[in-house]
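Colleague: Below are the chains, spelled out letter by letter.
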Amino acid sequence: MDVTQYLEIFLDETKEHLQSLSDQFMILEQEPENMDTINEIFRSAHTLKGMAGTMGYKRMQALTHDMENVFSEVRNNTIKVDSKMVDLLFQVLDALEEYTENIQNTTEEGTNDNEHLIKALKDYLEGNSGDSATVAPKAPAPEAAPQTVTDAPQTDADPAKEKWRDIKLGDTENTVLAEAVKQGKKCYGISVYVQESCILKAARAFLVFKALEEIGEIIVSVPSAQDIEDERFDFDFSMILISETDAETVKKAVLNVSEIESAYVGELEIEVPQVKEEVQVVQIEETVKADAAAQGAVAKQDKKPAGKPIVNRTVRVDIEKLDSLMNLVSELIIAKNSLVSTSTQEGMLTNAVFNEQMEYLEGVTTNLHESVMKVRMVPIESVVQKFPKMIRDLSKKLNKKMTLYMSGEETELDRTVVDEIGDPLMHLLRNSADHGLESAQVRKERGKPEMGSIFLDAYQEGNNVIIEVRDDGNGIDVEAVKAKAIARGAITEEQAENMSDKDIIGLLFLPSFSTAKQVTDVSGRGVGLDVVKSKIESLSGEVDVRTKLGEGSTFIIRLPLTLAIIQALMVEVGGEKYAISLGSIQTLEDVDPNEIEHVQAKEVINLRGTVIPLIRLNEVLDNESTKSPDENLLVIIVKKGDKLAGLVVDEVMGQQEIVIKSLGKYINKQKIISGATILGDGEIALILDTNALL
Amino acid sequence: MNEIREQYETTQFIVVKYGDEQYGVDIKYVDNIVRMQRITRVPKVQSYIKGVINLRGEVIPVISLRLKMGLEEDVITKATRIIIIKLESNECIGVLVDEVKEVVTLEHAMIEKVAYDSKDPRANFVSGVGKERDGLISLLDIPGTFAEKEA
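Just so you know, the sequences run in chain order A and B. Under our numbering, the first residue of the first sequence is numbered 1, with each subsequent residue one higher. Under our numbering, the first residue of the second sequence is numbered 695, with each subsequent residue one higher.
Each hint should be verified, as a subset may be incorrect.
[To be verified] Calculated cross-link-like contacts (lysine-lysine; reagent style DSBU-like; alpha-carbon spacing at most 30 angstroms): (1) LYS80(A) to LYS119(A); (2) LYS762(B) to LYS665(A); (3) LYS738(B) to LYS671(A); (4) LYS722(B) to LYS665(A); (5) LYS577(A) to LYS780(B); (6) LYS321(A) to LYS535(A); (7) LYS84(A) to LYS122(A); (8) LYS780(B) to LYS665(A); (9) LYS321(A) to LYS80(A); (10) LYS738(B) to LYS602(A); (11) LYS122(A) to LYS163(A); (12) LYS163(A) to LYS49(A); (13) LYS639(A) to LYS738(B); (14) LYS711(B) to LYS533(A); (15) LYS321(A) to LYS780(B); (16) LYS577(A) to LYS535(A); (17) LYS738(B) to LYS627(A); (18) LYS762(B) to LYS671(A); (19) LYS210(A) to LYS251(A); (20) LYS186(A) to LYS251(A); (21) LYS722(B) to LYS577(A); (22) LYS738(B) to LYS577(A); (23) LYS535(A) to LYS738(B); (24) LYS535(A) to LYS780(B); (25) LYS738(B) to LYS640(A); (26) LYS807(B) to LYS780(B); (27) LYS722(B) to LYS321(A); (28) LYS577(A) to LYS762(B); (29) LYS738(B) to LYS795(B); (30) LYS711(B) to LYS665(A); (31) LYS665(A) to LYS825(B); (32) LYS671(A) to LYS780(B); (33) LYS336(A) to LYS780(B); (34) LYS643(A) to LYS738(B).
No lab work stands behind these hints: they were computed from the structure.
Build out the structure end to end from the sequences listed, making use of the hints.
Modeller: This is the structure we're talking about:
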C-alpha cells in the first residue's frame, strides 16, 4: 500500500502523541498510581503502535507494542510504576522521537532496533506477569476521589479482554446503577466475543441482547445498539447489565447463543454507604464516576485536566496559504492608503459620501487585518511544552535538583515568531539550569530549599508579549563578569570603572562570552546569550536582564504581537521618508536649540528632569538636514527597555498603518533599517529600527 | 554524439550595453525589464547598491553593475533600464544598465569559455564570450555575480 500521502498526517499525529506521552510520563513520575494518566499512556501507545504498523514502520511498532504491553499490565495492577520504569519510559520516548525524526527526514525509520529498550520492557513483563504471588494489591484510588466501588474478584479473567472496563458511564447511567444497587440488584460488565467466522454478526449480537434482556436490563452498550444493529463492530461488544441473577447465569445466557466464542462477565460491586437517602445517591454517583475514571474512561477528575485535548472545530491550513492571505491583506491596505492619499490631493474629502465610505473601508481593512492576524496567532504552548522534559533531563545530567514552573502557555504570538522563539528560550532555560542554579549543597548552605526553581512566565502587555525566564539561583556576579571582560580584553580597567552594573551585564550578550567557570555539556561554550539576543532582535524584540547576586536572575524577552503590519509614525529626514514604529515612541517634543547641553561631548536635552541623549538622524542616515541650525528641533523620544533617546527629525508627517516588507537577503544586514514599506503614492519609505540606534 | 548535439543547442541572451561594451544576460534569469524609476536610497549599505524600488508592490534592491565591476558611475539617461533578475532562490534583484539593445540566440558553438583571470576583476563576472555579427558579447555569470556574499 502506498502510504506516502498519509506521511504528513502520520507525522503530525505521532508528534502529538509523543508530546502527550511526554506530558503524561511527567505526571506519572509524580503520581505513579494516577489511573487517568496510565490509561492515557496506554491509549497513546496503542494508537502509536497502530499508526506505525499501518505505515509499515516495524521497529517503531515493536517498541510501542512492548510499551503498550507493559501498560496493559500496569493498568491491571500487576506491575507497579517506579522511578526506574519512568526513566526507561523516557528513554523509549527518546527512541520513538528519533524514529519520528528519521521518518520526517528520510521517510525511513532508521535501523536502530533499540533492542536494549525492548528487552528492558520485556523484563518488566516477565518479572511480574504470570506469577500470581507478585501480583500487586489493588491500587488505592487516586487521592482526589476515594473509591468505594471495587471489581468483583475474577476467576477466569483475562483483563485485556474485559473491554467492558472501558465503558464510559454518564450521569444518568450512574444514577440508574446506584438505584439498582439500592434495590438489591447486581450490576455486571459483560464483554462478548463473536466467532470470527460468524457471518451474521449483527444477528448474533441481537440474540445476545435478547437473551440478556430476559434476565435483566441493559444500561449501556459499546458500540451503541444502533451501531451493533448496523454491524458496525469488529468481533466484540461490551455492555453493562443490571440483573437479579448471578454472574454464571448471565454468562450461560450469552454462551447459549450459537457462534459466540467467549464471554467475560464481571460484577460491579457497589457499596452503599448507610447514610441519609438524598446524600446517598449523590455519593454513589460520584464514586461510580471515580470508578469509571479508574477503569479507563475519559471521565475527568476535577483535580487536573485529562491529557486528551478538547476537540475544537478546527481546520488544518497550510501556513503558506495564510501567508498569501496575509500578503493580499497587505496589498489591500496599500491600495487603501493610496486611495486615501490621492483623494486628499484631489480634494475629494469634501464629498461627504465619499468620506464616509472611505472611513468605512478603513474600518473594514483594519478589521480584516486583525482577523487574519488572529488566524496566524498560535499559543506558545507548542514550543514550551517540551521544556519540562528538558529540565528533567538536565536535572539528571547536571545532578542538580530543579523544577520548572510555567505559566501563560496559552499566550499567543504570530506563527513565524513562535517558530523561532524555541531556541532562544531553550538557551535561557539551560543557562538558568546550568549557570543560574547552585548545586544542592551550596543551596543548603545558603539556606535555600535544595530544589531549585526555574520559572517560565508568558503574558501579553499592550502590543507586546513578554516572556520571562526566572530562576532563584545565584544571580549574575557582576564582578566576575567585569574581571572576565577585562581578562578577555573586551574592556579596559578604566572603562570598567565607569561602567554601571547594567552595562557590565550587557557584556554577557557579546559574542563568545561565557562566565561558566567550567565548560559543561549543557552550556558555557561561548555560543550563548549573543545568539539569543540576535535571534530576538531579528524578531524585532528585545532582551533585558534583571539580577540580584545570591537571589537569582530574570531574563525578560519582549516581542511584538505581529511582524507584518504595524502602526508607525512617518517622518522626514533630509527629504527622505522614514517610518518609526509607534510602539517604541514615547512623546514628540519641540526643542529650542539653546536647550541643548553637552555631556561627554554628546548632545543631551533635559526633559522635565530627565537627561536624554539626542541622536541627529540625518547624521546616522548620511544625509543633509533640510532645517537651518537655529530653528527649533523636532525630537521624537523613543524608548528601549528603560533607556530613552531623542531622535531629531526634520518633519513629522503623521501616523499610518504600514505593511512591513523585507529588504531582501541581497542587501547586507545593517541594523538601523529593519525593512521597508510602500506608501500610498507607490513611494518606498524605510523603517527605522530604533532599538538599533539606542 | 552528446557533444555534437550540445554544439547546436542554443541559449537566448538579452544584450545590454555599458558604454560601448556589450554584455549578455541569459534570458532564463530575466523576470522583467522596467524603465528607470525613483530609487529610494538605503543608508549604510554596500556602495554598489543604489537603493530599493517598488515593483508591483514588492520592494526590490537595485544594484549598479558598473560600480560592482569597478567602472565609472552610471549616468542616468532616457535609455537607462532596470533589468529584474530572478535568482533561483526566487529573490529578485534589479540591475541598472545603460541600454537594452536586443535579444540574440547563440549556438553553444559560438560561445567561448573564458578562463578565470585574477588580474581582471571584470572577468569574475563573465562566464564566456559570445561571437555575433555585431561583435563580441561578454556573457554575464549571473549566479556568480549575484551570489550571496557575506561582506
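Colleague: Check the structure against each numbered hint from earlier and tell me which ones fail, lowest number first.
Modeller: Violated hints: 9, 14, 21, 29, 31; rest satisfied.
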